[in-house]
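Colleague: The task is simple: from the sequences and hints, build the whole structure.
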Amino acid sequence: MLKKILSSFIDAFSGFMRSKSLEYIEVELRELENVFALIVLGSFIGLPSPPTSISLRLLPYMAKELVTMASISERLDDMLGEMAGLFEVT
Amino acid sequence: MSRNHSFKVYFFIGKGGVGKTTCAASFSILLAEKGLKTLIISLDPAHNLGDVLKCSLSDKPKEVMDNLYAVEVDFEKLIVNHLKQLTSKIKDIYGYLRVLNLDRYVDVLKHSPGVEEYAVLDKITEVIKSNIKLGTYDAIVFDTPPTGLTIRVMALPFISAIWIRKLIELRLAILERRRIIERIEGKKLKISIGGKVFELPSTIEEDPIFKELKIMSEDIDLINKVLTNENMSSVYMVINPELLPILEVKRAYDYLKGLGIHVKALVINKFLELRTIPEEFRVKIDEQKRALDLISKLFSDVKITKIPLLPKEPLGIEELRKLTRYLEVLLKE
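Quick note, the sequences are listed as chains A and B, same order. Taking the numbering used here as reference, the numbering of the first sequence is continuous, increasing by one, and the terminal residue is 90. Taking the numbering used here as reference, the numbering of the second sequence is continuous, increasing by one, and the terminal residue is 333.
Note that these hints are calculated values from the structure, not bench results. Every value quoted in this text rests on a predicted model; they were computed, and no experiment measured them. No incorrect hints appear here.
The calculated lysine-lysine pairs, modelled on DSS-like cross-linking and capped at a C-alpha distance of 25 angstroms, are:
| hint | chain 1 | residue 1 | chain 2 | residue 2 |
| --- | --- | --- | --- | --- |
| 1 | B | K196 | A | K64 |
| 2 | B | K190 | A | K64 |
| 3 | B | K211 | A | K64 |
| 4 | A | K64 | B | K188 |
| 5 | B | K187 | A | K64 |
| 6 | B | K166 | A | K64 |
| 7 | B | K225 | B | K166 |
| 8 | B | K332 | B | K37 |
Modeller: See the structure below:
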C-alpha cells in the first residue's frame, strides 16, 4: 500500500517537475527565437543588423521566428508579469 | 586541369586616379609574358581597363594577348544577379503579389545599403571558387574600386564572419531546445500559420536557416583564407608621391593589417624623374623628396617600387610593356 502511494507520489512529483522544466525550456526557446529574429531583422525596428545580404538570405525561412517575435511584441507590456509567473514570484 | 591547381590572386588598391588600372594592367602583362595564364578583372564601377588596354571589354573574359584575358565587370548586372536569387526566393514566397502586380516593388531591394559591396565580394568569391574548381588561370589580378569601397569590401568577410558565427551559435541553441522538447513530448513541434500546420525543424540537417548559414559561412571562410594567406594572395597599394595620399594609404594599410591582410608592396606611380630640374619644378621635387622620406619612414617593412611619370600616357599593350620592368620586383620573394 505504502509502496503504491509512494510510487504515485513520485510519479506525480516527477510529472510536475517535467512539466515545469518543459515550461522553462519552452520559454527559453521562444525567447531565443525572438532574439534570433531581432538580430537578423533588427533594421526593421532601428537596431543594427547584419549585412543586408545575410538578412535577405535568411528571411524566406523565418516564418516561425517572425510569428514568435510578433506575439512577444504584443505582450511586451506584461513580459515582467509573465516572467514572475514562470518563476512563481508573487 | 587539376582541381588542386595552385594559383595566385593579386589586388591593386589605391585612391582614385593614382594609376591602379595602369599598374594592374602592366603587371598582368608581366605575368602573361612569364607564361602564366592570367585574368585581369576590373571591379571599379568607373571602368577604364578597356581604355588602358585599348580594346573593348565586357563581363566575359576576352583574350587581349597571349596568356592574358581581361574582364570589365558590369556593375549594374552584377548587383541584379546578386539580388536575383534573393528576390526570387522572396517573390516565390510572396508570389501572390503578382496577382495585384505588386511584386515589382520587391525590386527596390537592389538599392539596399551595402548591396554594392556584397555584390563586389560575391564576384571575387565567384571568380576564385570557379578557378579552384576549373583551374583555368594561373594568376588573377583584381583592379579594384577606389580605397574607400575596396576597404569596405575587404572588411565585409570579416564582419560577416562575426555575424554568421553568432547566428550559427544561436541557431544551434534553438535547435537543441527544440529537440529537448520533442524528446519530452515524444512528438515533433508544429506551428500553424494561416491555417496550415508545419513541422518545425529540430536538427541541422532539416533546418533551412542553419543550411543557409553554413553555405554563407563556407563562402566567407574561403574568401577570408584567400585574403589572409600571403602565399596565395598579394595586395599592392598604388600611390602618388604626395603627402596627403600617403597619410590616407597609411590608414588603409593599418586597417587592412588589423583584418589580417598584409600589404606586400607599395607602387609609387607617376614619380618625377628629371635630369635637370627647371626652377618651376623645384618646389614640387622637394615635396616629392619629403613624400619619399615619409614613405620609407611609415612603410619600412614593405617592398617599394617606383614608376616614373612617362612623357606619354601608357595606353595599349605595347606602351604598358614599358612599365613591366618597374614591377618585376613585386614578383621577387
